[in-house]
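Number of protein chains: 2
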Amino acid sequence: MDPITCTPIGHVRGGRTEPIDDDWDAVEATIELDGERFGPDVLAGLDAFSHIDVVFVFDRVDEAAVHLGARHPRNNPDWPAVGIFAQRAKVRPNRIGVTTCPLLGVDGLRLRVRGLDAIDGTPVLDIKPYLREFAPRGATTQPAWATELMAGYW
Amino acid sequence: MDPITCTPIGHVRGGRTEPIDDDWDAVEATIELDGERFGPDVLAGLDAFSHIDVVFVFDRVDEAAVHLGARHPRNNPDWPAVGIFAQRAKVRPNRIGVTTCPLLGVDGLRLRVRGLDAIDGTPVLDIKPYLREFAPRGATTQPAWATELMAGYW
Numbered sequence: 001m002d003p004i005t006c007t008p009i010g011h012v013r014g015g016r017t018e019p020i021d022d023d024w025d026a027v028e029a030t031i032e033l034d035g036e037r038f039g040p041d042v043l044a045g046l047d048a049f050s051h052i053d054v055v056f057v058f059d060r061v062d063e064a065a066v067h068l069g070a071r072h073p074r075n076n077p078d079w080p081a082v083g084i085f086a087q088r089a090k091v092r093p094n095r096i097g098v099t100t101c102p103l104l105g106v107d108g109l110r111l112r113v114r115g116l117d118a119i120d121g122t123p124v125l126d127i128k129p130y131l132r133e134f135a136p137r138g139a140t141t142q143p144a145w146a147t148e149l150m151a152g153y154w
Numbered sequence: 155m156d157p158i159t160c161t162p163i164g165h166v167r168g169g170r171t172e173p174i175d176d177d178w179d180a181v182e183a184t185i186e187l188d189g190e191r192f193g194p195d196v197l198a199g200l201d202a203f204s205h206i207d208v209v210f211v212f213d214r215v216d217e218a219a220v221h222l223g224a225r226h227p228r229n230n231p232d233w234p235a236v237g238i239f240a241q242r243a244k245v246r247p248n249r250i251g252v253t254t255c256p257l258l259g260v261d262g263l264r265l266r267v268r269g270l271d272a273i274d275g276t277p278v279l280d281i282k283p284y285l286r287e288f289a290p291r292g293a294t295t296q297p298a299w300a301t302e303l304m305a306g307y308w
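These protein sequences, in sequence, are chains S and X. If you count the first sequence from 1, position 51 lands on 51 in my numbering, and the numbers rise without skipping. If you count the second sequence from 1, position 81 lands on 235 in my numbering, and the numbers rise without skipping.
Quick caveat, the hints were computed from the structure, so don't treat them as lab data. If you're wondering where the values come from, they're calculated on a predicted model, not measured in any experiment. Glycine included, C-beta positions come from ideal geometry on N, C-alpha and C. One should not assume that every hint holds.
[Claimed, not checked] Here are some chain X residues pointing at chain S (derived, C-beta under 7 Å):
id, residue
1, Ser204
2, Pro234
3, Asp280
4, Arg286
Please build the complete structure, drawing on both the sequences and the hints.
Now the structure itself:
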């Protein structure tokens, strides 16, 4: 597989400094875009959207820790062992996170967000406006363990 | 900004061979994971989810075509000129796409999906189960142009 090189468009500033499993909606942070590459034009019109999708890299995860066998989410033996692509854990190939969060404001190259589950200094690869048409088409189903895991997440 | 190197976990096989703007829900395709790195364990339990998030690279976009000024989506002058991070166009820095689509089935290292807006051969960087808790928290708003653009997308 040919590698693909990405360049962060900016970084998360503020918010948590340590990854903690739960209560992310209590956290506000700023995404600061790279002022050497971008002008405020790249964000023109974004403030008409209430939410954004943020694509980021769990860069504090040691790539050697990425686990490919099935495992119990959060090491909870009450939940089934599932593969890394059947969970959203951060110890995953390419260490990419994707989260939709409320956009609180845009000021120049800085975006204020709430509930972004990425810590201070996290590299950001992309920002997209959330369009309701990108919600799942059709009813969704998920296993009970996933619902239990998420109970305190936000 | 320090670059980040990703290695595709697999590729889209089948579906469209040319990017076309609309009617993506008519398209079925397969995602084939890299059998040299992964065993079927990485997908264990995924079939309990109805939908997945697919993170992929618009690799047929020439990086030199990535446009950083505000522009009219689909060059439609009836819609406002907006920045690249205020739209989901593929000519974007890092050329990353993220789409939630129905998972039709899992067979070994192959996933059948519907409505993935990525063409045959597209490199895939990540697959995540769609959890309904990752839907936007709070009501969403978006500008009229975005709703109009999406009218025929799926």
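Outcome of the hint check:
{"no.": "1", "hint": "Ser204", "result": "holds (4 Å)"}
{"no.": "2", "hint": "Pro234", "result": "holds (6 Å)"}
{"no.": "3", "hint": "Asp280", "result": "holds (5 Å)"}
{"no.": "4", "hint": "Arg286", "result": "holds (6 Å)"}
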